[in-house]
Structures are given as C-alpha cells and as structure tokens.
Amino acid sequence: MCDKSSGFEYYYFEVKYNRTVRVNKNITNSFLLLGFSSFPGLEGLFFTTFFTIYLLILIGNSFIIVITLADQTLHSPMYFFLRNLSCLEICYTSIIIPKMLENIVSEDRTISFINCAFQMSLFLITGAAECFLLAAMAYDRYVAICQPLHYSLIMNSRVCSGLVAASWLAGIPVQLSQTFLVFTSCFCNSNEINHFFCDIPALLSLVCGDTAINEKIALIEVILLALIPFAMILMSYVCIAITILKIPSVEGRHKAFSTCSSHLMVVLGFYGSGIIVYVTPKSRHSLGVDKYLSLFYTVLSPLVNPLIYSLRNREVQIALGKSLTFLLTCETNA
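One point on numbering: in this note's numbering, the residue at position 212 of the sequence shown is 212, and numbering is uninterrupted.
If you're looking for bench data, these hints aren't it; they were derived computationally from the structure. Quick caveat, the model's predicted, so the values are computed rather than measured. There may be inaccurate statements among the hints.
Restraint ranges, calculated between C-beta atoms of paired labels, are given here [what the hints assert, rightly or not]:
#1 209 <-> 161: 53 to 61 Å
#2 220 <-> 268: 21 to 29 Å
#3 75 <-> 329: 51 to 59 Å
#4 161 <-> 118: 26 to 34 Å
#5 272 <-> 41: 30 to 38 Å
#6 329 <-> 156: 32 to 40 Å
Beta carbons are placed, not taken as given, at the ideal position from N, Cα and C, and that holds for glycine.
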C-alpha cells in the first residue's frame, strides 16, 4: 500500500505477528539504468561496438526496404511482410539503443519516470507486433507451399495489409495496460534498474511488497501476445513439413524448404532468448543474466535478420545484383 503526503511516500508492510511497519522513502521521479557499469574502463569499447551494430542495423534493414520496393519482382506478399519486419526492427532498436549509447558515454545514467514508462510501453508494443508479424509471415509460407494454386487469391493485397495492421495494433491495449499497472506500483527497494533499458522483470524487482499479481498478468500477456503467435508458427511449419515430405523429388523438397528456411531461422533467434527471459522461472536465472540474454532479441536479432534474408535468399541476391549493375552503368555513363 502507498500513501503520498508532503513530498514523501509511505509504504506499509504486513509483517509477522500482524504488525504493520511504515517505511518513509522519497518519491521516485527517476531511475538509474545501470547498463554495463559493472565493467568500468570499457565504456569506449561498448560505445564503439553498439554504435557500429546500430548503424549496421539501420543500413541492413533500410537496404531490405529499399531493394524490395525498387525491384518489381519482389512485389509479392512475402517481401511485403519482410519490408514491414525491417521497418519494425528499425523502430524496435531505436527505442533502446540510442538511450543505451547515451548512458554509456554519460556520467548521468538517469531516466525520468515518464521516459521510462514511455520506453517500456513502446518496447512492449513493438515486441508484440514482431511476434504477430512473424506469425503472419509463417501463414504466408503455409499458403504458398500447402495451397499454391490459391495463393494469389488468399494472400491478396487487402489480406496482407490487414494482417500487417493487425500485427502493429494487436498489442497496444494490452501493453499499455501492463505499463500502467507496473508504473502505478510503489517503488521503494531502490531506483537502480539492473538493465540497459526499462524492462518488466527489472522494474518488478524494485516494487514494494508482493509482485505475484504483476507477474501473473505479465505471464498472461506473454501467453496471449507471444506464445499464441509462436504456436501458430509451429502449426504452420508442421503443415509445411508434412507437405514438403510428400514432394517426390529431392530438388523440389529442397526448393520448397529454402523458401521458408530464412524465416524459420529468424523465428528461432527471436523467440529463443525471449522465452528464457520472460517465461522460465526466475529462480533459475538472475536479472544480470536476463540483461545479457536481452541483447540477443534487442540487438543481435535485428542485426542478423537482414543478413539471413539477403545471404540465403536468391531473389534478393538477384535484385541486389541488378541494382549494382544499374548503379555501375549510370556511373560509367556519367
């Protein structure tokens, strides 16, 4: 229970023998993001590394967006979803990395209460959007392989636009409610967040009293916004695998599998570390471990995804070759 009075917050705890203890703490109006402060003297290395990664993320995902827009052969549902995924990756990382870079080089690692809430809500919304968008991409691959004769009819522009819009909007009401619930809690243990951004597990560790309700609601949201899309992806790939195994020729099976292997690798990379952080019992790992696992889906996944789709996708390679040839021709003529 929280009681605000005269610039202070009073926290009441029920302790043994039914006694109530009142603890006086200053109102929390900002947090301290510890980030990688446990490695003093390495600030320059961390800044250079993450700044380079951020630039590569922007360049790689922008390349995917530009190349799929410029080449007419890539104007298909698959690349429409991929273009939106790249756009989402840029937004996703821009919520986190710039503030992380600022904290690395600055002695002041504070983030205001409002900015922390804003960062967490945007992170949760874009994270939920990526889960649903990956599920939409899996459905697209399912229709392409399992129902190829009806592909153009099922995956028309209206359906694709609707799936993308639903992916972006689906998590907004739930994630805003989760943010409101967390930030209306009483913070009294400390204002130090053992993370490089405002994430739910790190913030809940600062909440006074029992956080069981918060954790249960967070788990329900993970099930609704992450595990259900993941289950849809698994079902799609089970059907895809059954269909591929029925193809008589080895070459045909290989070609069918290659059209969805890139997406499957992205899904495994994104969900692998995310499930460990948000679903596994907290007794099995610490917040410090969570912090480093978060790097996989907040930094490394957006970096690797454009490489996966460009290096493993022949159509993207051909489009890149045509673009380079066109640029070289223009330069020669000039």
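Verification of the hints:
Against the hinted window of 53 to 61 Å, the Cβ-Cβ separation of residue 209 and residue 161 comes to about 46 Å, which falls outside the hint. Checking the proposed 21 to 29 Å range against residue 220 and residue 268 shows it holds: the Cβ atoms sit about 24 Å from each other. For the pair residue 75 and residue 329, the supplied restraint of 51 to 59 Å is violated, since their beta-carbon distance comes to about 23 Å. Checking the proposed 26 to 34 Å range against residue 161 and residue 118 shows it holds: the Cβ atoms sit about 28 Å from each other.
A hinted range of 30 to 38 Å holds for the C-beta pair residue 272 and residue 41, which are about 32 Å apart. At about 36 Å, the beta-carbon gap between residue 329 and residue 156 stays in the expected band of 32 to 40 Å.
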